[in-house]
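Under the numbering used here, the sequence shown has 387 at position 387, and the numbering climbs by one with no breaks.
These are calculated hints, taken from the structure and not from any lab test. Among the clues, some could well be false.
[Said to hold, decoys possible] Calculated lysine to aspartate or glutamate pairs in the DMTMM-like style (CA-CA distance at most 20 Å, straight line): (1) Lys404 / Asp197; (2) Lys321 / Glu309; (3) Lys129 / Asp326; (4) Lys106 / Asp320; (5) Lys21 / Glu397; (6) Lys138 / Asp197.
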Amino acid sequence: MFYLLSLMALSAGLLAVKAPKYSIIFFGVMLSVIPTGNSYSEIISLKGIYFFDFYIAGGLGALLIRQVVTQRTQLTMPAGLLFGCGLYVVLLACGLIGSPSKYLLKDTRPFIMILSFIVLTNIVSLAAKTLTLQTILKILIAMTAFNILDIAWLRLGLYSFQDVYYEENAYRYLDGGTYAAVAYLIYYFIDPRIFEDKKNLARICLMTSFLCLFIANSRFIFVSVFAAIIIHQYTKPARMMGVMLLGSVVLLAFIEISNMIGADRINDALSSEGLAVQLTTRFSPALDLIRNMNPMHYFVGLGAGTPFEIPWFEYRGLDDKNSNIDSAYLTYFVKYGVIGLYLLFVFTTSITHHLKTRVAVSIATFLALMFIVSATPYQPYAIGIAYSAIILRALSENTARQRKKALTLHQPLITPPLQVEAR
1 MFYLLSLMAL SAGLLAVKAP KYSIIFFGVM LSVIPTGNSY SEIISLKGIY FFDFYIAGGL
61 GALLIRQVVT QRTQLTMPAG LLFGCGLYVV LLACGLIGSP SKYLLKDTRP FIMILSFIVL
121 TNIVSLAAKT LTLQTILKIL IAMTAFNILD IAWLRLGLYS FQDVYYEENA YRYLDGGTYA
181 AVAYLIYYFI DPRIFEDKKN LARICLMTSF LCLFIANSRF IFVSVFAAII IHQYTKPARM
241 MGVMLLGSVV LLAFIEISNM IGADRINDAL SSEGLAVQLT TRFSPALDLI RNMNPMHYFV
301 GLGAGTPFEI PWFEYRGLDD KNSNIDSAYL TYFVKYGVIG LYLLFVFTTS ITHHLKTRVA
361 VSIATFLALM FIVSATPYQP YAIGIAYSAI ILRALSENTA RQRKKALTLH QPLITPPLQV
421 EAR
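Full structure from sequences and hints, please.
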């Protein structure tokens, strides 16, 4: 299955040579229909490589071919982002020289994701003028609605787990559709005018996006989305109160659903003691390494390829060492020191660098909060927020272009001279 999906993704990427629009749409359909959650890792990945990586390989090849044929630059990125990518390559190369291992290979995942976002941005830029609001909303509805089917296969036992952890947590599901929903919710509340022409479809997408968050059953995603949306509402008190009220209702519904399905992980964290225990468990593998770091390590870290010892992986039948823990900040600090915080900024910028300031700040806020409890750059579902944010950016630019054109058409070509009454 993995090889078939990879071949399809590669073909979709190469399609950008002639038809960037259909390349992006085909990729969106693949991200909708094919699960991108870790629960399905046996069919979507092989030795750390995901099927969608082949879309990026095909897309990169397509951009280079177009550049040769048209003699015009097709692959662009800001100078700051280019510097960050170069620094990342140097640090990975140092890890290869120092102690090459399978964990170093896994540490290339965040860099691959950054490259993926850059390629996606450039392909969408080529297709921007031909992507319609209706098409984009239908893709996002599919990406979020298919989460219902993805969790249904798990709950009904139609897909067998090889990892006991996912079997115990079959009441929740998180993948690229969840993160696509996050980007949509941010756009819906921060820049709602872009959806005015298709309000019914926009409301359906709003509903499926909230449904996605409930299926994910992650308290931190709810808090992070709420913070990302409300950060810009302080200038509009009435709107801010509305968002706060909606957030309270959604949070109460989330807690009630967690009680109904017996999500002990959520219920335990509602007490300060339970939350402290969970965070200590999450962070202890990194804290043990940090205690043994010297002053130089605080700046450059222990190096790419440094593994974390996670004893509780044994009950899952997994290697008790892993390339990351459930915190991007601690993962990057251990590996790259203070420089790691800059690399997280590079990762975030690779998604937001072409977005409007308000939207970019909101998505950066969401990611900054999620980095506390998730090594998002290492996760396959990060592709969801990038794809959704980038195609919605194209939609926002199209809407602004159309408004400007409409204003120009309504302006008189020749301004009548000022009439002065003779006396």
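Results for each hint:
Of the pairs offered as hints, the one joining Lys404 and Asp197 holds, with about 16 Å between alpha carbons and a cut-off of 20 Å not exceeded. The suggested pairing of Lys321 with Glu309 holds, with an alpha-carbon distance near 4 Å, which does not exceed 20 Å. Between the alpha carbons of Lys129 and Asp326 the distance comes to roughly 39 Å, so the proposed pair goes past 20 Å and is violated. Between the alpha carbons of Lys106 and Asp320 the distance comes to roughly 15 Å, so the proposed pair stays at or under 20 Å and holds.
Straight-line distance between C-alpha atoms of Lys21 and Glu397 comes to about 16 Å, which keeps the hinted pair within the 20 Å bound. Between the alpha carbons of Lys138 and Asp197 the distance comes to roughly 14 Å, so the proposed pair stays at or under 20 Å and holds.
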